[in-house]
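Trainee: Sequence:
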Amino acid sequence: MKNVFLIIGAPGSGKTTDASMIKEMNQSVEHYSTGDMLRAEVAKGSELGKEINSFISKGNLVPLEIVINTITSAIKSSDLDFIIIDGFPRSVEQMQKFDEVLKDNSDINLNCVIEVDVSEEVAKERILGRNRNDDNEEIFNNRMKIFTDPIEEIRKFYKNKGCYKVVNGERTIDEIVADMNEIIVQAIMKSMN
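Going left to right, the sequence shown walks through residues 1289 to 1481 as our numbering numbers them.
No lab work stands behind these hints: they were computed from the structure. Each statement offered as a hint is correct.
Below are the PhoX-like pairs computed for lysine-lysine, each with C-alpha atoms no more than 20 Å apart in a straight line:
no.	residue 1	residue 2
1	Lys1447	Lys1385
2	Lys1447	Lys1391
3	Lys1311	Lys1453
4	Lys1385	Lys1444
5	Lys1433	Lys1412
6	Lys1449	Lys1385
7	Lys1290	Lys1391
8	Lys1346	Lys1412
9	Lys1364	Lys1311
10	Lys1433	Lys1444
11	Lys1433	Lys1346
12	Lys1478	Lys1449
Simulated restraints on C-beta separations:
no.	residue 1	residue 2	range
13	Arg1327	Asn1456	25 to 35 Å
14	Met1480	Lys1449	18 to 28 Å
15	Ile1354	Ile1439	17 to 27 Å
Each residue gets a CB set at the ideal place from its N, CA and C atoms; glycine is no exception.
Please model the entire structure based on the sequences and the hints provided.
Mentor: Structure below.
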């Protein structure tokens, strides 16, 4: 059984860094960043990579099927049973499609969804301060809108399933990671009993 933890949050909330640190702390946990997986495909220079790049270079969402297939194949091919995926779902469609995947795959269990909560001001300050070539105010505003438009519906969906958790992302990285790690370790312990 593959146990999946989804980490969501605004651009600049630190979700990829947090998840990477949790993986370092737990040898039994795999970590995939949706953005990193898609950027890796772009770096290969494949036809799929070119298609993905035409969306992410503008801060837009990559088409549903590409994202779902990328994530599902990563989960299934992982050697580990506990998998953190950050940056997913980013839309109501991604959430619904992944829910269908879960219904069709009894060997994949969604353990919980953790939101790293930061204000738009903090997110913007962090993004514009990191000097990546795809970080400018226009792209940030577009990415922020993509995050905020569906977030209430995503929160409600996972709250109704009883698997939504939130951590305050405006503290030190050690405090944030400690809280997230506790949620994940407790879930791992529970699944082993």
